[in-house]
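S.K.: Listed here are the chains, written in short residue letters.
Protein chains: 2
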Amino acid sequence: MTTEQWLEVFRGIGKEMRAGLPAILDLETGRTAIGRGAGGDKTFPVDKWAEDIMVAAMEQVHATNGAAFTLVSEELGTRTFGAGTQVVLVDPVDGSNNAKNGVPFFGFAIALLDGSTLAELKAGYVMNLAVGDEFWAVRGKGAFKNGKTLRTPDTADIVIVSYEATDPANDLPLILPLLTSARRTRCFGSTALDLTYLASGATSVFVTATPSRTFDYAAGMLILEEAGGIVTDWAGSSLGSVRAGLDRTVPLLAAKNSVTHQKALALLRKN
Amino acid sequence: MTTEQWLEVFRGIGKEMRAGLPAILDLETGRTAIGRGAGGDKTFPVDKWAEDIMVAAMEQVHATNGAAFTLVSEELGTRTFGAGTQVVLVDPVDGSNNAKNGVPFFGFAIALLDGSTLAELKAGYVMNLAVGDEFWAVRGKGAFKNGKTLRTPDTADIVIVSYEATDPANDLPLILPLLTSARRTRCFGSTALDLTYLASGATSVFVTATPSRTFDYAAGMLILEEAGGIVTDWAGSSLGSVRAGLDRTVPLLAAKNSVTHQKALALLRKN
Chain Y
1 MTTEQWLEVF
11 RGIGKEMRAG
21 LPAILDLETG
31 RTAIGRGAGG
41 DKTFPVDKWA
51 EDIMVAAMEQ
61 VHATNGAAFT
71 LVSEELGTRT
81 FGAGTQVVLV
91 DPVDGSNNAK
101 NGVPFFGFAI
111 ALLDGSTLAE
121 LKAGYVMNLA
131 VGDEFWAVRG
141 KGAFKNGKTL
151 RTPDTADIVI
161 VSYEATDPAN
171 DLPLILPLLT
181 SARRTRCFGS
191 TALDLTYLAS
201 GATSVFVTAT
211 PSRTFDYAAG
221 MLILEEAGGI
231 VTDWAGSSLG
241 SVRAGLDRTV
251 PLLAAKNSVT
261 HQKALALLRK
271 N
Chain Z
1 MTTEQWLEVF
11 RGIGKEMRAG
21 LPAILDLETG
31 RTAIGRGAGG
41 DKTFPVDKWA
51 EDIMVAAMEQ
61 VHATNGAAFT
71 LVSEELGTRT
81 FGAGTQVVLV
91 DPVDGSNNAK
101 NGVPFFGFAI
111 ALLDGSTLAE
121 LKAGYVMNLA
131 VGDEFWAVRG
141 KGAFKNGKTL
151 RTPDTADIVI
161 VSYEATDPAN
171 DLPLILPLLT
181 SARRTRCFGS
191 TALDLTYLAS
201 GATSVFVTAT
211 PSRTFDYAAG
221 MLILEEAGGI
231 VTDWAGSSLG
241 SVRAGLDRTV
251 PLLAAKNSVT
261 HQKALALLRK
271 N
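Top to bottom, those sequences are chains Y and Z. All the letters of the first sequence, read from the start, carry residue numbers 1 to 271 under the working numbering. All the letters of the second sequence, read from the start, carry residue numbers 1 to 271 under the working numbering.
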C-alpha cells in the first residue's frame, strides 16, 4: 500500500468517528470509566468506541489490501496484522478527559512508520473530532489543514505557549520560566491538537514536562515538522531514535521554528 | 419585553453568528487588527463582524418592540436605545485570539440586567461559536445547555482548575498554589466559556488574577450560579455591587460549589 493510500484510510476513520460522535457523547454513562487502556489511562466509552472503529478499518485494510503491519494503540496495546515492518501508531481519542466532560476539544491521532523508531515516521493524520478539521502530513511532502498547506511563521517572538501538565505540582514549576515569558498561555488538554495548532501558527511553543507517549505526539510531530516547526526533548536532541510504543518516552519541547526553539530551550534551562 | 423574549433575541443572534462564521474566519485578512475596541483589546475582523450582527438585532428590538435599554459592548462601548434602566452587556466574540488563529474555542456572551450592577443580572446567554452549543440562564429559573438542565457536582475535590492569565509573568505565580493542587489545569482562552464549562461540571474551579471585565463574565456568572456554582472576588466577596461596564473590575474565583470555593480561597491565600 502506498503512503497516500494509508492516508486515505486514516481520513476515512476520522470521518466515520466524526459522524458517529454525537450519539456516543450523549450517553449518560459517558463519564464512567470502563477499564484501563494499555497506555495506562482510564478507558471511557468514547475511547473504546473510537478504537473499535479504527480496529475494524485496520482489519479491512489487512484483509482486502494484504497490508502487513503492527498496530500500536492506546487502549488495546499491540496487535500484529501479518509479518511486516510497518507500524501504525494510534491514539483513538486524544483529550478524552475533555470529550467525556463535554468540552469540545479532542482529536483522533494516527501515524504510519516504516519501522519501529520515530526516524521512520512516514505519515501523520490528526482530526479535531469536535469540529471536523483535518491535519495531515507525508514525510517530504508538506503539511496540510483541510487540504491547505501549513507553514509556521518565521518570527522569533514567543507569543502563546501551550503546555500539557499530567502532574501540575511537579510539572508547572519546571516550565514556569517559559510560561511567564509568554504573552498568553494555553492548556487545551490534547497533545495531538496542541502540535497541530502549533503547526498552523496559532501558538509559538508547546511543552510537556512529564514524558509524553509516542501515540500522543507522533502524528502531530510529523505535521509540525513538515510545516517548518521543530520537536525535540528538553536537551534539544532529536526524537528520531525514540521507539514507537505505549511507554512514556521523553518530555517535549516543540516550537514554530528553530530560533524560537533555542529561546525556549534557554528559558527551560533557567530552572 | 419579558426576559424570555430577550433570551430568544440572544439565541437568534448566536445562531446568526454561527451560520455566518465560516466565511468570516476564512478571510486571509482575519489575523490583522483593524482597530482597538472600547474595552481596550485589539479589534479583529471577526469581532467587528459579530458586533455588527448583534447591534443590528438590538436596533430591531428597539424599533419593533419599543424596548428601551443601554447597550454596553466590548468594541463600540456604550449606546443608549431610548430611556430605560435595563442594560444589555455583550462580548461579541470572547476568545477572539483563538478565533483569529483558527483555534475552535471562542464564544458569544450576552447578559441582561435590570439595572447597572451585577446584583441585577436577569439573564445570561453564551454560545460556543466553534461548535454551536448554547448555554443560558434566567435568574431563579435554572441554567441550561442546549435545553438540558445544568447542575454542578456536589463533590468537594479539585480535579481540574481552569484559568485565564492576561499577564502570565504577574498572574501565574499568584495562582500557582491553586494550579498545583489540581489533577489537571486548563487555559482555554475564553472566560465566558470557562464559566459555562464549570457550570456543566467539566471543571472544578476557574480563576483569573488580572481583574476581569463584566462583559466577559456576567453571562457565564449567572449560568454558573443558576447551575449551583459560585463566583466571588479573591476576598470571597459577592460581585453584586460591581457595575456593568467596560472597565476591568476584580479578579475572579469561581467554583462548582461553596465547599470547593472555600478550599480554593484557602489555596490562593497561601501566597
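Please note that the accuracy of each hint is not assured.
One copy or two, either will do: identical chains are not told apart, so a pair holds if it fits within one copy or between any two.
Simulated crosslink set (DSSO-like; lysine-lysine; CA at most 27 Å straight-line) [to be verified]:
1. Lys15 <-> Lys263
2. Lys145 <-> Lys15
3. Lys141 <-> Lys42
4. Lys148 <-> Lys48
Read the hints as simulated data drawn from the structure, not as lab findings.
S.K.: Each hint: holds or not?
M.R.: Hints versus structure:
Proximity of Lys15 and Lys263 under a CA criterion of 27 Å is satisfied in neither setting, with 38 Å inside one chain copy and 43 Å between copies. For a Cα distance limit of 27 Å, the shortest separation of Lys145 from Lys15 qualifies both inside one copy, at 15 Å, and across copies, at 26 Å. Taking identical chains as interchangeable, the C-alpha atoms of Lys141 and Lys42 are never at most 27 Å apart, the minima being 36 Å within one chain and 36 Å between chains. Proximity of Lys148 to Lys48 under the C-alpha cut-off of 27 Å is restricted to the inter-copy arrangement: shortest distance 26 Å between copies versus 31 Å within a copy.
In this structure, the hints that do not hold are numbers 1, 3, in rising order.
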